[in-house]
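Undergrad: Okay, here's what each chain looks like letter by letter:
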Amino acid sequence: MSSPSEVKRVIEAALLSSQEPLSLVDLKRLFEDDIGNDTLRKLLDELREEWSERAVELVSVASGWRFQTAASFRPFIERLNPEKPPRYSRAVMETLAIIAYRQPVTRGDVEDIRGVVVSTQIIQALESRGWIDVVGHRETPGQPALYATTRTFLDDLGLRTLQELPPLEEIARTLQLEPATSQPAANEPAAPAATPQ
Amino acid sequence: MSSPSEVKRVIEAALLSSQEPLSLVDLKRLFEDDIGNDTLRKLLDELREEWSERAVELVSVASGWRFQTAASFRPFIERLNPEKPPRYSRAVMETLAIIAYRQPVTRGDVEDIRGVVVSTQIIQALESRGWIDVVGHRETPGQPALYATTRTFLDDLGLRTLQELPPLEEIARTLQLEPATSQPAANEPAAPAATPQ
Amino acid sequence: MTAAAEPFARIYGEPLVEIPTDLYIPPDALEILLDAFQGPLDLLLYLIRKQNLDILDIPMAPLTRQYLDYVESMRSKNLDLAAEYLVMAAMLIEIKSRMLLPRPAVVNEEEDPRAELVRRLLEYEQMKKAARQIDALPQIGRDVLAVSVLLERTAVERLPDVHPRDLADAWRTLLFRARMSKHHRVTRAELSVREHMSQILRQLKESRVLEFTELFDPVLGVSVLVVTFLALLELAREMLIDVTQAEGFAPIYVRISHVEPV
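If you're matching them up, the sequences are chains S, F and G in order.
My numbering puts the first residue of the first sequence at 794, with every later residue one more than the last.
My numbering puts the first residue of the second sequence at 794, with every later residue one more than the last.
My numbering puts the first residue of the third sequence at 381, with every later residue one more than the last.
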């Protein structure tokens, strides 16, 4: 088992049959001989290239590499599984978004932002999905749990890091009460950069 | 979605992502257009051919078609997910030990030593493994079977004769069940090393 | 209290003096709409966005008035929910009353009574958008399927490995439990005898009767001969075999103890 193409076939089979994404460390364990990270990455890139014309693609997510159906296959998913997977309610998704972007946060933090009580069911739904977990407790009375998103959350959304989350939209920059006299600079962030600094 | 190669790619993705084998009926449901059985079979044959050089193969089973890892991939998956070797229960091990050390013995003898009833399953497990067999019957009411260990037992444990089993005197000594008169040194392994030997 | 007394808001620089009529939700639709709102902030955002107002220039008076109308009709239907909305109403009224006070010539951002509300509204709106964006990401199991090819493991059942040491361990636990050291001391020599006892029984099982001499193979050496003899004696003592001789110097026969078929 030494030729690169054989190694590639083994990696392919491992990735195709694994329930979870496989990291480089996982993939190395497949072989008795030591295979360098560079070699592995090159083979993975080749595999991704080989699969690019298919309805299945090789993607890299937080915990490693995984084969998944491509976007082009989406219309067929419903015909394959007639029962639609449940969509999360707005309450769940807003809670998830706040935890994702503001983590680590307590349930109280989420409530402050949403302006409404966050039910235990919402937290449980996200916990049982494996998307959030408790990463500590805040040193305040009652020591509320601090929640953060998990690696599974990133994996399930096809992300490698939190930085790949959609950037937060700037709703507005400053509070403008009067005609913009007091803070002209702050209101013109896109002013042509006259002088390179 | 009409070219045969596109149809083939969809079938491939459906089979790769399905948990269960897919029948021709299942596969037909993927497409809005009616696809004949002959066409499907031809495409499946082509797919099987395309995959024949890989560590994953397309096979036809009773309930339809599915992808599975090929036999050549087995050694690798063992390294990836080493299966924990099964273990015999304490009851089985003790029964085996009694038969090995005290043979030929009846089930009643084993029960006397263990102090509990020896179930038929335990005896059967050891018999079907080929490690014990009946070598006779004792002349007592009920004429119970006498069990002894077999040659297979010795072979499987890497022994040439029963004498190579760990002698029980030593075992008793490690438990300090006997007065430690014969080998004082062995009983004081942690004695301060007063004199370098 | 009339909105026309002073421009209560500037929408993109234009003073707003009239409340757009579509700001109001028909009371019939209220019940349905409230289910759709996540809470008071959400309702407030809706009201502001429906009017297409600059969120930074919240028209406090009409907004508060309308908001209170909603809270009023809500109170009869869902008291728990109403509590949160009431807190918001109180906040709106407080802001409004502070807005009515004479304002200093230069307004500082921090001193604007609406600042905190605006900050919360902006943050909530930002998170609402983020939630929609996250929901739009391809989700495994929903928009994309993970590939999972069947792992064909070998069909051969894996049997437990047993090491001689394991047998010794098993015996050790037996001893420990029963303190049977005296009765079950087994030496190497004894083991050897026991092994031969089993062997003899096996031979006899096949041929029922054997001549004494057939049980001994001189090729194996004296020690084996001795052990075999000891095994025979032990078997006889345990009444597992019968040893018979018709007369002196006649052949000695060994057979398994007569077992009466039941």
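Everything labelled a hint here was simulated from the structure, so no lab data went into it.
None of the values given here were measured: they were computed from a predicted structure.
A hint or two may mislead.
[Said to hold, decoys possible] Below, in silico cross-link-like pairs of lysine-lysine (BS3-like), each with a Cα-Cα straight-line distance of 27 Å or less: (1) S:Lys877 <-> F:Lys801; (2) S:Lys877 <-> G:Lys509; (3) G:Lys509 <-> G:Lys585; (4) F:Lys801 <-> F:Lys835; (5) F:Lys801 <-> F:Lys821; (6) S:Lys835 <-> S:Lys801; (7) G:Lys430 <-> G:Lys476; (8) F:Lys821 <-> S:Lys877; (9) S:Lys801 <-> S:Lys821; (10) F:Lys821 <-> F:Lys835; (11) F:Lys801 <-> S:Lys801; (12) S:Lys835 <-> S:Lys821.
Undergrad: Look at each hint and say if it fits the structure.
TA: Verification of the hints:
1. S:Lys877 <-> F:Lys801: The given pair, whose Cα atoms are some 25 Å apart, holds under the 27 Å limit.
2. S:Lys877 <-> G:Lys509: This hinted pair holds, its Cα atoms lying about 24 Å apart.
3. G:Lys509 <-> G:Lys585: Roughly 85 Å between the alpha carbons, so the hint for Lys509 of chain G and Lys585 of chain G is violated.
4. F:Lys801 <-> F:Lys835: Holds: Lys801 of chain F and Lys835 of chain F sit about 10 Å apart, inside 27 Å.
5. F:Lys801 <-> F:Lys821: 12 Å, holds
6. S:Lys835 <-> S:Lys801: Holds - the C-alpha atoms of Lys801 of chain S and Lys835 of chain S are around 10 Å apart, at most 27 Å.
7. G:Lys430 <-> G:Lys476: Roughly 20 Å separates the two Cα atoms, so the pair holds.
8. F:Lys821 <-> S:Lys877: 19 Å, holds
9. S:Lys801 <-> S:Lys821: 12 Å, holds
10. F:Lys821 <-> F:Lys835: 13 Å, holds
11. F:Lys801 <-> S:Lys801: The hint holds at about 23 Å.
12. S:Lys835 <-> S:Lys821: Judged against 27 Å, a Cα distance of about 14 Å means the pair holds.
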